[in-house]
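Chemist: Keeping the supplied structure of chain A fixed, place chain B upon it in accordance with the hints.
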Amino acid sequence: MSNKPDNSIYSKPLIFSVIALVVILIGSVITAFYPLIRADMHPKLDNLHPYTPFELAGRDIYQREGCGYCHSQNVRPLKTDVLRYGAYSQAGESAYERPFLWGSRRTGPDLARAGGKYHDNWHTLHTLNPRHFSPKSNMPAYPWLENALLSPAAVEANVKAYGYINYSPADIQFLEGKTELAALTAYIQSLGRGVKKEGFGYRVGTVEDYKNFLAKGVRGTVDQGQGIYTNECAGCHGVDGKGSAQGKLSEGISTMNLKDAREMGYEAADMYVQIFNGLEQLMPPYGNVLSSEQIDSLILYIETLERR
Amino acid sequence: MNDTLYNNRTVEGFLLSSLVWGVFGIVFGLLISVQLWEPAFNFGPFLSYGRLRTLHISILAYGLGLGVIFGLFYFMLVRLTKRGLVFPRLARFHLWLWNIGVVVAGASLFLGFTQSLEYAEFEWPVDIVVVIIWVIFAVNIFASVFLREEKQMYVSLWYMLASVLAVAVLYLVNNIAIPAGLTKSYHIFSGINSANMEWWYGHNIVGFLLTTPILAMFYYFLPVSTKLPIYSHRLSIVAFWALVFTYLWTGAHHLVYTPLPDWIQTLGIVFSLILIAPSWGSVINGFFTIESDWSKLQENYLTKFFLAAITFYGLQTIQGPGQSVRVISGLVHYTDWVIGHVHMGTMGWVTMTATACMYYVFPKIYNTEIFSVKLANSHFWLVFIGQLMYSFTMWIAGIQQSVMLKQLNSDGTLANTFMDTLVAIYPFWILRTVAGLIFTVGMVIFILNIVLTIVKGRSLSQSRA
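Protein chains in written order, with the working numbering: chain A, 1 to 308; chain B, 1 to 465.
Just so you know, the hints here were simulated from the structure itself, not pulled from any lab data.
Small disclaimer: the values here were computed from a predicted structure and weren't measured.
Zero decoy hints are in this set.
Partial selection, computed: residues in chain A whose CB lies under 10 Å from chain B: (1) ASN74; (2) LEU101; (3) ILE228.
Keeping only pairs whose Cα atoms sit at most 27 Å apart, straight-line, the calculated BS3-like set for lysine-lysine is: (4) LYS197(A) x LYS44(A); (5) LYS227(B) x LYS456(B); (6) LYS259(A) x LYS242(A); (7) LYS406(B) x LYS79(A); (8) LYS304(B) x LYS456(B); (9) LYS211(A) x LYS259(A); (10) LYS196(A) x LYS79(A); (11) LYS406(B) x LYS136(A); (12) LYS227(B) x LYS296(B); (13) LYS374(B) x LYS456(B); (14) LYS216(A) x LYS406(B); (15) LYS374(B) x LYS296(B); (16) LYS259(A) x LYS136(A); (17) LYS196(A) x LYS406(B); (18) LYS151(B) x LYS12(A); (19) LYS82(B) x LYS364(B); (20) LYS79(A) x LYS44(A); (21) LYS364(B) x LYS304(B); (22) LYS82(B) x LYS151(B); (23) LYS82(B) x LYS12(A); (24) LYS406(B) x LYS197(A).
Heads up, the beta-carbon is just placed ideally off N, CA and C, and yes, glycines get one too.
So here's chain A without its partners, still in its complex pose (with noise of 0.2 Å):
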């Protein structure tokens, strides 16, 4: 490269930009576009399903209301990762994204398992009002939803552009009289659906566990236990442990009776269990999230319930 003045590309704008261009390309056409045409880049996993047109529609109100600005859809391959989330991410269940929505930021958590974590009801209670279960959420209700409905031609232009998803008449007709928050649901309860729920993270917890917790002879403490039970318990079940059923969520489940739990036969050792490893669709499960001591701590508490 020469900096005199007179005969260099400096002095010849389009040698210039013809060469400017090509350099431009050069690493766009390696790291980007080369990658298109390689086998390793269109992977997908066996048991993957495209999405319903009704999970679709709740697709597009994710992308309209910006839902992946705040929640990711990709769970690293990190230990605190996987054991907040669930299975990492593989390149095999983006197959039918389009586009991807792995997004940038957790403002909220990662969603790329969250698909039977929690039943219906409690998406749908929680998209209008979030701190009913999270007092202290940031999360934006989103009330415009409950009352709008999809339209099942747009859903269908929609689908056709999408691609992959075959559909058949009767799955458009479904979509009359559905509301978008129905959509939304639908949706979030499909991600990670291809995933096997197995391996690091998934961990089951027994009676026998909890023996070994006791054996070792430090307890947790109701304090602790209110504490927690506040945050995370008292949105299904109730402040006062009777189960919660208010609102939206008594429509379709009824959340368990703390409060006379043990009337019901369920011993300590039964709730750590039921605690620790949840149940699909219902319950989330927490043995990841809380130690055995603060375990504990909840049974301890949700024991002085019982004497109130």
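Modeler: Positioned in the frame of chain A, the structure of chain B alone reads:
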């Protein structure tokens, strides 16, 4: 002044409209900063966080940012080519179409029409308008360069040409979509290719809108406003080619620890580290230019703007590559740390440079002096302090949350729920709003100073006439 030669009205039109859009962008920024710690400040669908976040970024990048770029590029172009614009009326049309485009694009984001691709949210009808605007811009730039009176192209022109070309390639490729209607489309790329293409775009559109055009301004306005020649022409050449070559390899550092194949991630990381050298080529050039006569720092109030700007750029271009390294990415990615990083670039490097350039340009247009150097100095310190406070609170919040998310109990379970970690950073979010307010006061003073300069200039030209 000779308006037909310098197209001052068009330049001024771009700069003043960019300030209007800037006010919108900053107000939206303040509002979403409050929404993060007080969700009651979400008002209905149009003013809820999920939509406003995109508006904040898009209006500042494509309203304030592009307006400043268009205006200052036209200003530099006629001086560096030593001839008037070849198509001045096209530039006038460019001004109007761009302003209409910002209105339409903003409205579409309010309504939730989005591709969900960061920095590429606009749906395809808006994309078409963007492409038309960019073609008009490119025609004007290239026509003036090809028909220039000054044989040698100055370094600012290289950065301009590279920016015009790179943005065109980036925007055209990543915005290819399958339309489902006027307001909805789906990315043509799917799965990990969608992610890879988006972040090749996302990283480089920031590079070729908020780095290279700002470097073009820096290389032009630093010497003309301080009367100091650029330290090394040879360094400019090396830094330019190394930068435009290396930049395009680095997008995948946004996808560290995702299912993107490791080789692409690693290329992204390695080239990010290499990118420190060309970035610092310009930093060193800036430092040594100012170093040749430190007295300018006292004599000329603009010198400190450029010094602060290039320092922020230097910090930014070390921090960025640092974040791309896997072990650091594992700590800071998905947290506020990155928000602090981005805002050091935009509120530090870009804003400092752009406002300094405008302080130079408006008095030139009106053949007068700036209304008040004192006001400009208070503007500088408010923006400077607001920016530092903003970034530091975000860096602390990011590390705080990340460490809490990774903390384990002795039995191997996670020590904190997600909500615990969120509650812990609310105080920092309140401080961030305060920082934003300080910055905003600085910007209001800046706008006031510019407006009063124009008022002064207009009354002067009337009395002269």
